[in-house]
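Here is what each chain is made of, one letter per residue.
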Amino acid sequence: MAPDRGLEAGVGRLITVGTYLSIGILAIGVGVMLASGVSPLASAPPLDPARLPADLVALRPEGFLWLGLLAVIATPAARVTAALVGFAARGERRMALIAILVLVVIVLGVVVARPPEL
Amino acid sequence: MAAGLLMIAGGAAAGLFGSLLGLGGGLLIVPLLTFAFDLPLRESIGVSLVCVIVTSGAAAGVYLERRVANLRLGMTLELFTAAGAVLGGLIAFALEERVIAGLFAVLLVYTAASMVRRSTPEPDVAATEPVTPGSSWTDALHGSDYRVRRLGPGALVSVAAGIVSALLGVGGGIVKVPAMHLVMKVPLRVAIATSNLMIGVTASAGAIIYLAHGEIDPFVAGPTALGVFAGASLGSRTAHRIDVRVLRALFVVVLLYTAVQMVRRAAGTGP
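As they're listed, the protein sequences go chains A and U. So the first sequence is numbered by this note's numbering: it starts at 1 and just counts up by one. So the second sequence is numbered by this note's numbering: it starts at 1 and just counts up by one.
Calculated directly from the structure, the hints in this document are not laboratory data. Beta carbons: idealized from backbone N, C-alpha and C, even for Gly. Watch out, some of these pointers could steer you wrong.
To be clear about the criterion: a stretch of chain U counts as covered by chain A if any three or more of its residues have a C-beta under 8 Å from a C-beta of chain A, and this derived list gives those stretches [as the list claims (entries may be wrong)]: (1) 49-59; (2) 74-84; (3) 220-227; (4) 243-255.
Now the in silico label distances, taken between C-beta atoms and shown as ranges [unchecked claim]: (5) A:I100 with U:L95: 41 to 47 Å; (6) A:A9 with U:V106: 36 to 42 Å; (7) U:R237 with A:L59: 30 to 36 Å.
All chains, full assembly: derive it from the sequences and hints.
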């Protein structure tokens with residue numbers, strides 16, 4: 001294996017930062033949710049990216065919770081993207097191709113996961 | 001507020017015990033949400049996938065920085081686990097919930113059996129030998145003191161692990177770690193760390209399917225993920241100070257009891 005302490009350390013840091021950032025946003029959302037007396041068993045509004053900024057500005061719990069959940073789900077893809085850049089910079093074509101294919105599979109999941117009510 | 005605090009506490013307990021016993025939290029979160037909070041099974045699985053990403057994330061970052069996880073092997077195999085997860089997510093919405101409950105019961109029994117077997121230590125079967133440069137596809141995947149073998153079977157098992165992950169809301173380490181260690185001859189500590197790294201992409205590919213189907217509720221996922229993260233963090237800091245043998249025996253009983261409840265749900269006679 002090629003010496004790549006920088007790549008692995010960088011990708012590792014990205015995962016750690018992404019995870020803690022996501023948890024931080026979720027923690028704010030949970031705090032607001034508890035403070036405003038919203039039950040977790042209450043019906044939550046569906047994800048609407050267009051409404052997200054307004055929900056955040058209005059300090060509505062769903063805004064922070066959806067943002068945190070999106071950050072959680074996006075962090076692994078961000079890690080693959082960072083690795084792709086690292087492999088490409090090191091001329092590791094096979095690994096760069098693998099990283100691209102992993103991203104293609106994730107995008108494919110988004111495409112085939114059709115919401116039932118659209 | 002009480003339900004929110006209970007969800008955080010339940011998530012924390014699942015994260016703590018999962019971490020102490022070397023299991024992902026998913027195996028515990030799904031029954032917790034399904035039986036204690038009466039949530040539909042698919043919604044519990046969707047939330048569990050989110051929790052699995054969170055718990056694996058913190059550990060995976062550290063494993064990579066310490067160079068225990070094999071980034072190249074993990075990314076190669078996660079191509080297959082992610083494909084399996086997309087497939088598993090689609091299967092999950094094609095099956096009746098009762099069938100999924102039955103499959104979850106099988107997973108619980110399998111895990112309980114694995115835990116019983118694990119109480120007798122196994123020798124590390126990985127072949128450690130110097131790695132010499134070559135030109136094969138797997139050369140880029142070798143570690144500094146081990147060679148990766150049988151990539152094909154490892155890839156096939158990875159597809160299966162991805163399907164299990166998305167279908168049942170677990171990380172799939174219980175499938176991947178033995179495959180990497182016993183089939184691909186990767187040292188156990190590297191297999192565990194690399195499996196942990198792969199969980200993020202695998203669970204994320206599955207979670208996207210559940211998100212698109214409206215099966216991830218932010219009011220449930222937020223407190224549960226927060227609790228699981230806190231519990232798993234505590235568990236990873238205290239695991240080396242605790243003798244988990246009694247805990248493991250107790251946990252086998254809990255897993256089997258939960259399996260019975262899942263079977264009852266599958267049969268339409270349970271909670």
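Hint check:
1. 49-59: holds (count 5)
2. 74-84: holds (count 6)
3. 220-227: holds (count 6)
4. 243-255: violated (count 0)
5. A:I100 with U:L95: 41 to 47 Å: violated, 32 Å
6. A:A9 with U:V106: 36 to 42 Å: holds, 40 Å
7. U:R237 with A:L59: 30 to 36 Å: holds, 33 Å
Hint compliance for this structure: hints 4, 5 are broken, all remaining hints hold.
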